[in-house]
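In numbering that gives the first Met the number 0, the protein residues as written are 0 to 101.
In short, the hints are calculated from the structure, not lab data. Remember, it's a predicted structure, so these values are computed and weren't measured experimentally. Even for Gly, the Cβ is constructed at its ideal location relative to N, Cα and C.
Listed next, the in silico DSSO-like pairs over lysine-lysine satisfying Cα-Cα at most 27 angstroms (straight line):
(1) Lys100 with Lys35
(2) Lys76 with Lys35
(3) Lys69 with Lys35
(4) Lys61 with Lys35
(5) Lys35 with Lys67
Simulated restraints on C-beta separations:
(6) Glu29 with Asp87: 37 to 47 angstroms
(7) Leu38 with Leu93: 12 to 22 angstroms
(8) Ile30 with Asp85: 34 to 44 angstroms
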Amino acid sequence: MKSELIVNKITAIYFYSSSTSSLDLSTETEIGDRAKESLPAFVDGDNLLIYFNISYLLEGLKSIDSGKIKIELNGSKYPTVFTPVDRDRESLYLLMPVTIKS
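Please put together the full structure from these sequences, using the hints given.
Written out as structure tokens, the structure is:
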């Protein structure tokens, strides 16, 4: 992720996929600043829009020592599983999505 996505005022970040070859991350600060990043990815399944607490997401990503991370998104009400691609579930991180009120 680029540094624009990681600023002090961000509380939530959301994942969504607009294609089978990228994963889009987007966020907005409390004062309305926005950031969007598209990462190369292999996407299999339906399009999902899932929100996460940025602090917990970063904690999980830092805990997995791997160049590539597999993210298993199972819907907005179920835990997301993060595992290293190059190691057979040597470590994993579970993260519950957050609910955003419209």
